[in-house]
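Chemist: If you read the sequences in order, they're chains A and B. Under numbering that gives the first Met the number 0, the first residue of the first sequence is numbered 0, with each subsequent residue one higher. Under numbering that gives the first Met the number 0, the first residue of the second sequence is numbered 0, with each subsequent residue one higher.
Bear in mind the hints are in silico, worked out from the structure with no lab data behind them. From a predicted model like this one, the values you see are computed outputs, not experimental measurements. Cβ atoms here follow ideal geometry from the backbone N, Cα and C, with glycine treated the same way. Treat the hints with care, as some may be off.
As the list claims (entries may be wrong) - Ranges of calculated distance between the beta carbons of each label pair, as one might list FRET restraints:
| no. | chain 1 | residue 1 | chain 2 | residue 2 | range |
| --- | --- | --- | --- | --- | --- |
| 1 | B | 158 | A | 119 | 40 to 50 Å |
| 2 | B | 114 | A | 71 | 46 to 56 Å |
| 3 | B | 194 | A | 150 | 25 to 35 Å |
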Amino acid sequence: MLEVRNVFKTFNPATPNEVLALQGVDLTIERGTFVIVVGTNGSGKSTLLNAVAGSFFVDGGRITIAGHDVTRWPEHRRATLIGRVFQNPFSGTAPDMSIAENIALAARRGRRRGLAWALRGNFADEMRARVRGLGMRLEERLDNAIGSLSGGQRQALTLLMATWCKPELLLLDEHTAALDPKSADQIVRLSDEAIARDELTTLHRGRIIHDLAGAEKRRLRVDDLLARFEEVRRGEQLDESAAQLLRRAYV
Amino acid sequence: MTLLLGALTIGLILSLLALGVFISFRVFDFPDITTDGSITLGAAIAAVLLVKGVNPFVASAAGFCGGAVAGATTGVLHTKCKINGLLSGILVMTALYSINLHVMGKSNVPLLSAATFASDAERILTALKGGDTALHVLGWEVAARDAAVLVLVLATIVLAALALYAFLRTDLGTAMRATGDNPQMIRALGVDVGNMTIIGLALANGLIGLSGALLAQYQGFADVQMGIGMVVWGLASVIIGEALVGTTQLGLVITGAIMGSVLFRLLVAIALRAGLNPNDLKLMTATFVFAALILPGLVARARKGAGRA
């Protein structure tokens, strides 16, 4: 499904601010699996997610999604394959436009946009039904501007929009971090429902390992533990060869 | 009465300019200075074609296309060549000054003997009414020509506004609005923000070019200087319109921009009649926009201060 092969990315190369963000990253995610990337601040989780989403082009390596080599695809083209929820609840919706218009925009993700009405008549019922599924009573406020909603409500809608057309890959960028605990639980539940319903392949940027609880913990895989190991290695200046030894032994 | 009719007509013609400025400044949040050049370009193209005897409708459409090309150029400079938005507009506007002179061949093209939409409107009305050159509206006597022109301009503006409103509610139009509202989001939904900006600026400057084409026909000439300060004029109209309707609802905002343009032109006509020196007009317009931009902030701060005390 998602294949990241030997990907490199350096920010501000050959300057004092040089950051070696990704150095030979390999990652394979099978169809229908949920992978959480964990690591300390600055360990490159965001960079990895952005590299997959296409926010920038990588310096070397290859990224393949569902059989398409997307390494040189710009971000808007990759959006045909990727649904994305940002960390900031305000990033995923257009505040001055109505809930209905935002969803209509998402319903044409990656498709041609012509001169047909954005809010077609037959679309309203489906929209109301799926918005009702969020359990936030937003189906009564479809004509309200999204800017008038709370962060939790906007994030729920962003999630609904990201999964409106089934994406090949769903990117969740620590999407509950900016919410209060109650909204965060709600978003985690909605994410689980959407992922289970459509058997989505998901790459999730999580927090460091001891922050994981419940459902997220059950999904931990070797990759996550390796990231945890990476963290320890950085902390204790372990030899690079030890990391490779472990990688060979366990992956 | 003639003065009122004149102000109303020019206000309506310039409401196309206001709609263009609304698209670039409000929908895209893009400070597009191309306006000053594209309104003159629209006027210049239309004037030259009219002098050659081209149908006024075709000449006006050509003015729209000229403006659209100018706007698209600004868009390409900004999105593909990564030049600052304000500077892109300034570059195109500056280049357009020379281009406009080349199009016109001189600095002023009079349209006294050419057939324009104004003379067409007059002809249609005389054919309908049969010879009488004066009309009686609510007890006032108005020149038939003025009334006919006003009706034709009003019809054009209503059509243009409805078309714009409809367009902004299509798949393409909503994507365009979202591009200005939240580029990060719309990129993640598969829209090329650069192309969207180019199309949007083309549309905005097309409307502005059309406004210039109609203005040249109404006032009977195109002049290379006629665009100076027009972007501020359009902005003033948009700001007045927003104050009038006080909402962000699309249909009302578009209506507001048109009303703002007419109202602003009427205010200017009254001020000029009351003895304002025409040389001070641009200064007054700029001062007005300045005040409109900073007053809301000052009022909010004053309220906050009062609330604390």
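Chemist: Residue 114 of chain B and residue 71 of chain A, beta-carbon distance inside 46 to 56 Å?
Modeler: holds, 55 Å
Chemist: Can you tell me whether the CB distance of residue 158 of chain B to residue 119 of chain A sits inside 40 to 50 Å?
Modeler: violated, 24 Å
Chemist: Within 25 to 35 Å: is that where the Cβ-Cβ distance between residue 194 of chain B and residue 150 of chain A falls?
Modeler: Roughly 31 Å apart at Cβ, these two residues keep to the hinted range, so it holds.
Violated hint for the displayed structure: number 1, the only one.
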